[in-house]
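Here is how the chains run, residue by residue.
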Amino acid sequence: MRHDHLITAKQLSRENVEAVLDRAAEIDADPAAFADRHDDAILGLCFFEPSTRTKMSFETAIKRLGGDIVDMGSVESSSVKKGESLADTARVIEGYADAMVLRHPSQGAAKMVSEFVDVPLLNAGDGAGHHPTQTLLDLYTIRENAGLDDLTIGIMGDLKYGRTVHSLANALTNFDADQHFISPESLKLPRSVRYDLHESGAMVREHTELDEILPALDVLYVTRIQRERFPDENEYQQVAGEYGIDLETLESAKDDLTVMHPLPRVDEIAPEVDDTKYATYFEQAHNGVPVRMALLDRMLEDNR
Amino acid sequence: MSDHQLRVSKIPRGTVIDHIRAGQALNVLAILGIDGRAGETVSVGMNIPSDQMSQKDIVKVEGRELSQDEVDVLSLIAPEATINIIREYEVVEKQYLERPERVVGVLSCPNHNCITNANEPVETKFDVLDEGVRCEYCETIVREDLAAHIAVK
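Chains F and U are the protein sequences, given in the same order. The first sequence runs contiguously to residue 304 in the numbering used here. The second sequence runs contiguously to residue 1153 in the numbering used here.
For the record, the hints were derived by calculation from the structure and aren't laboratory data.
Computed from the model, here is a short list of chain F residues facing chain U with C-beta under 10 Å: (1) A87; (2) S106; (3) Q107; (4) G108; (5) A109; (6) M112; (7) F116; (8) A128; (9) H166; (10) P190; (11) R191; (12) S192; (13) V193.
Derived lysine-lysine pairs resembling DSSO-like cross-links, with alpha carbons at most 27 Å apart: (14) U:K1125 <-> F:K160; (15) U:K1094 <-> U:K1010; (16) U:K1125 <-> F:K188; (17) F:K82 <-> F:K55; (18) F:K254 <-> F:K277; (19) F:K10 <-> F:K160; (20) U:K1125 <-> F:K10; (21) F:K188 <-> F:K10; (22) F:K55 <-> F:K81.
No residue lacks a Cβ here, since even glycine has one placed at the ideal position from N, Cα and C.
Please take these sequences and the hints and turn them into a complete structure.
This is the structure:
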């Protein structure tokens, strides 16, 4: 299969996911074997909004494969500031790079750019839309800790605007996973994600309280409730504390529960959880490098 | 001749769009980009008594036959409509609307954060679902009041 673009997790079949995760496991086991696999490759980084983990992990990934980056830098210092369209920016950078990574605040930005460029394009987040490479590292982490089949997973927090949630929910439909969605009413899954889940035959089980479902979970995937989305501060305060977890919350959890978070967190997971057997979020963040190495390795290999 | 036939007279050639849901006639004209400036003769009947629909609207456009793209979009907001092509005062073709698989460049996306609203060189594209339409870029699903999202040129 030729890997042209990765825009949404809906493109990923179970076979695709397993191939990337297997390659990531090979890389984890013997990183030196991949050190000069793509020593002539240039990855174009186009980040139109702030990013720490995603950008640095892509940069690390291509460098560990022997390649290098070209980085358009901040929006303030780029031609975007002069009014250049995203389509034009992408077409210019396409000429410099063998593959491109795009993060943009507008939903659908990656889909649009994919219509203008021929080099492989990786969507690294498009507004409240999708974040499929995050999903691959999430799946890698889940597979390592709980397995991807016969899985009961709770996804909690901002389900409406959380792009990591949208991609993960779609990708999990490839596996034998019961998904439970926990959020305040105002931040429930958007209609489009609900539609995709129904189309794929998945059940959408929704809760407003974590304790309704926590004892049954193998994985709890927590996301930040985004304060800035609430029109009223009091409304935010009413739900924020309820969607945080601490040691007391976890008393009813299974012993082998895996707690994940795409980070950054604010107060959704108390620091006291960090040192418990449940905490997997830093491991999850570290998995970004081998998984993105695996993805780039396959894409660059197939497009030679 | 019945009362409602007299309200809107026969045309020599052009298109009669009949059985439009009451209240949608002006949206139909908006889709067709007809605002009178091109000089076409346009007749509009609104809230006309109808055996089938209780009330209906009707639009007659002289000297113009609709393209398939126009028909596709009409089917979204006026699915019960029939399109009659008129030549020499006679109906030479009667077309019942079928929903298309997608519509391009006609609807605007209601999601202000969609890339199609960001002044980029891209046309809107919507997949047509059983109920409503879905933006191919941001994936927003629109089920209610599609006529409000017609991008009038």
